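Student: One letter stands for each residue in the lines below.
There are 2 protein chains.
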Amino acid sequence: MAKNIFYAQSGGVTAVINATACGVIETARKSRQVGKVLAGKNGIIGALREELIDTSKESAKAIAGLRHTPSGAFGSCRYKLKSLEENAAEYRRLIDVFRAHDIGYFFYNGGGDSQDTAHKVSQLSTTMGHPITCIGIPKTVDNDLPITDTCPGFGSVAKYVAVSTREAGLDVASMAESSTKVFVLEVMGRHAGWIAAAGGLARDSSSAPPHVILFPEIAFEEKAFLAKVKATVDKVGYCVIVASEGAQYADGRFLADAGMKDAFGHTQLGGVAPTLVDMIKAEHGYKCHWSVADYLQRAARHIASATDVEQAYAVGKAAVAFALEGKNAVMPVIQRKRSKPYRWDIGEAPLGKVANVEKMMPRSFISKDGFGITARAREYLSPLIQGEDYPPYRDGLPQYVRLKNQLVRKKLPAFKSA
Amino acid sequence: MAKNIFYAQSGGVTAVINATACGVIETARKSRQVGKVLAGKNGIIGALREELIDTSKESAKAIAGLRHTPSGAFGSCRYKLKSLEENAAEYRRLIDVFRAHDIGYFFYNGGGDSQDTAHKVSQLSTTMGHPITCIGIPKTVDNDLPITDTCPGFGSVAKYVAVSTREAGLDVASMAESSTKVFVLEVMGRHAGWIAAAGGLARDSSSAPPHVILFPEIAFEEKAFLAKVKATVDKVGYCVIVASEGAQYADGRFLADAGMKDAFGHTQLGGVAPTLVDMIKAEHGYKCHWSVADYLQRAARHIASATDVEQAYAVGKAAVAFALEGKNAVMPVIQRKRSKPYRWDIGEAPLGKVANVEKMMPRSFISKDGFGITARAREYLSPLIQGEDYPPYRDGLPQYVRLKNQLVRKKLPAFKSA
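Sequences listed follow chains A and B, in order.
The first sequence begins at 1 in the numbering used here and counts up one residue at a time.
The second sequence begins at 1 in the numbering used here and counts up one residue at a time.
Bear in mind the hints are in silico, worked out from the structure with no lab data behind them.
It should be emphasised that the depicted structure is a prediction, and the values quoted were computed from it without experimental measurement.
It cannot be assumed that every hint is accurate.
Pairs involving identical chains hold if they fit within one copy or between any two copies, as the list cannot separate such chains.
Claimed, not checked - Think about it this way: if two alpha-carbon atoms lie no more than 25 Å apart in a straight line, the pair counts; the simulated BS3-like pairs of lysine-lysine are:
#: 1; residue 1: Lys223; residue 2: Lys411
#: 2; residue 1: Lys404; residue 2: Lys235
#: 3; residue 1: Lys287; residue 2: Lys416
#: 4; residue 1: Lys281; residue 2: Lys230
#: 5; residue 1: Lys80; residue 2: Lys287
#: 6; residue 1: Lys359; residue 2: Lys57
Please take these sequences and the hints and turn them into a complete structure.
Tutor: Okay, here's the thing in C-alpha cells:
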C-alpha cells in the first residue's frame, strides 16, 4: 500500500509557506505512489500529540487557494526537538506515530533547525525499525540557509520592504520643507541584514531613499550615524533610514535593548526605530517619524513577489518528486543560472550539509561606509522581488482560504512531554 | 486672457492626493477658459515665496502618472496662515503673487484648516481689489471633514489597515499555540477613530481578528482591556489588537505619552503599541509582537482603494468644473446615494460650512463594550475600500512618477516672513 506523507510547517511563518504546502499536496494528489498528505497541527507538535490533519478532506479549490494565502494554514510552532541524548523519547514517539499512520515520508518545511531535525529523523528511523524518507523543504524570511540561492519567504519580505521604503520615502520628501525630516523603518533580521539590504532596492538615484541602512553585520557607531543623517538632511533635505532589528553596538548589545524604562522603572520593550529617533531628536532636533513593520512584512501576501511564490511552490512540488525518486535526507534548493534575466531551477542538497550552517550576508554586499548596499547586492537581490502575484479580492479584502483542518482519529495513547 | 489656476497641496499627504492633482491638471488642460495650472512648491509656502511650479512643462504622460503616485508631487507643508488680525501681510502677499502671475483661481487641497484658509482668501480677495475664485478640495486620511461622505485619502488608509490586520491576524493564529499570542497594530488617528475602525473590516467571523480595537473616543481602562485580552486568548487562542495612536485615558492623557524614559532619564517617544504590549506582558506574561504602521499606511499606493482613487480624481476634476461655472468659496463633496452597491456622486458645500467643523465618528459606530465596530460602521466603511488600483511595476517595484517641477520666473521682491 502507498505510504502517507507527513508534512509540517515549522518556525516563523511567511507569505508563501502555504504555497509550498500547495505544491506538496497538489503534486502528491496526482501520484498513485503516495497515499494521503497528513499535516501536523501546529507543526511538529502535531506529530508528538498525534494531531494529524487529513488534507484529503479539503477540496481541490481550497488547496489551490493555499497558493495565495499567507501564514501557516495548519499552524506552525517554535518547538525544537532536543538532542537524541537528551530526549530519545520524542524521537521514538515520532516513529511510533509515523508507524501507526502508515507514514513513510517526513516533509519538514522550515529553517536551519528544522533541517537539522529532519536530518536526525532520517538517521534514526532505520535503526528504530521504521525507515522514513526525510525531505527538508526550505523556508525562512531570514534567507540564511546555505547552498540554496534564496529561501522561500525572503523574496516577499524583500519586496514589501523595498516597496514600503519607496512609498514612505516619497511621503517624507513632500513634507520635509516644513515638517518631518527623518523617517526610520525597522525591519526584521536579528542575525543578518538580508531584509534590511532589500530596502536598498528602493533607491533609484544617488539622492533617493533609503539614505542609511543599518545592518547587524556593521557595528553601530552613534557619532558616525548622526553625522551621516545630518549630512543627508543638509544635502537632500530629508533622510530615510532602514534599520535591522538586529542593529547592534560593537560590544554586541542590541540597540533595541537600550534600556528603556517606563514610569514605574520596568524595562520597556525597545524597538530600534524609536531608539534611533530619540538619538536624532536629541542631537539634531529634527522632526522624525518611525515605523516598525514586524509581522506585517512577513504576512504581506498582498504584495508578494511572484518569483518567491513560484519558488515556494516549486520546492513543495520537488519534495514529492524527490521522495518518489527514492531520494532521502535531502532538501530541494534553488539554483541560480543567471541574474539578468533571472533564470533558476531546482537542485538538491544533502541535509547533512544544510543543518547547522548559517549563510551570512557577504561583506561585499555592504558599501564601504557601512550604510548602504553595493551593486553586487543589488544584482543578487533584485531578481528575488520580480513580479506581482495578487490574491483574489472580495469586498475590498483579500480572500484567503481557511481550511477545515479535520483531524485523523488517534490510535495511540497520549504522549506525556508535548 | 484666461486666468491661471494656483493649486496647492496642504498638510499630511496621502496615497491619492496626486490623483486629485491629476484630476485638476488634466481637466484644466482640456479647457480654453483657464490658463496654466501653477502649483505651489511645498504648498502654500510656495505662494508666499513666489515659488510656483509650472505644470505646463510636464508631459501628458507624467501628469497621467500622478494618478498612481502617492504623496505630494509638488511638496506639501504644515503651515497654517495666521488670522488676518495677526498677519494681514501674508494675505496681502498671496494676493500680490496671484496678481503678478495672472492667477484667478485658488485651489487648496487639504483638510479643515486649509478649507478655512481658502474661505478667508475668498472673502479678502474682493476687498483687496483682485477677486479670486476659491475652491477647496477635500483631502485627509483623518476623514473628519463635514458634509462630504468621506475624504479622499481615507479609503486607501482604511484598506491598508484592514488588509494588514487580516494578514497579521493569520500570522499570529498560526504561531499562537507555542509562541506569540498577542499582536498589536498601531494606526493613525490622533483625534478620531475612523482609521482604527477600518481595521474592524478584517473581521469575517465572530472569532476572527481583530478582537480588540482601541478608539480615541472611548476612555481607556487598563483593567477592562487586560480582561478582554485574556478572555480572547482563553477562547480563541490568540488576540489581535488595533490601537489608534490617539487612544487615551479618561483624563485625556495619551497612552503614547505614558512617560517612557531612556537610560539617561530622557523622555522617550512612546508609541501606543509598545505601551500596551508592556502592560499585557506584565499582567499575563503572553509573548507579544507589535507594529507601528505610521507613514507606511498613508503612503501605501500599492494597495490603494480603487474607490478612493476615483473619488480623489473626481474632486480634482469637479474643482475645475466648479470654477468654470463661476462658483466660488465652495468645496466639492462626495455624496453617498446608497451603500450596497455603493453609489456616489459629486456635490458641493460652501467653504463657510466646512471650515472649523470636525466630523467625529458617531458613537453608534462603536460596539457597546467599546472594543469593536457595529454593523452600521461596517456599512459605512466597507464601500470605501472597494476595488484595487495597482500602479505599474518595473523590476519588482512600483513606478511612481517624478515631475520636473520647473519654477516660473519670479516677478516680485522676496517676502520676509516665509
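Student: Please go over all the hints and tell whether each is borne out by the structure.
Tutor: Results for each hint:
1. Lys223 <-> Lys411: Result: close neither inside a copy nor across copies, 64 Å intra and 45 Å inter.
2. Lys404 <-> Lys235: between (57 Å within a copy, 19 Å between copies)
3. Lys287 <-> Lys416: Between copies, since 24 Å is at most 25 Å while 56 Å is not.
4. Lys281 <-> Lys230: within (11 Å within a copy, 37 Å between copies)
5. Lys80 <-> Lys287: between (44 Å within a copy, 17 Å between copies)
6. Lys359 <-> Lys57: neither (39 Å within a copy, 50 Å between copies)
Consistency note: the structure conflicts with the earlier hints numbered 1 and 6.
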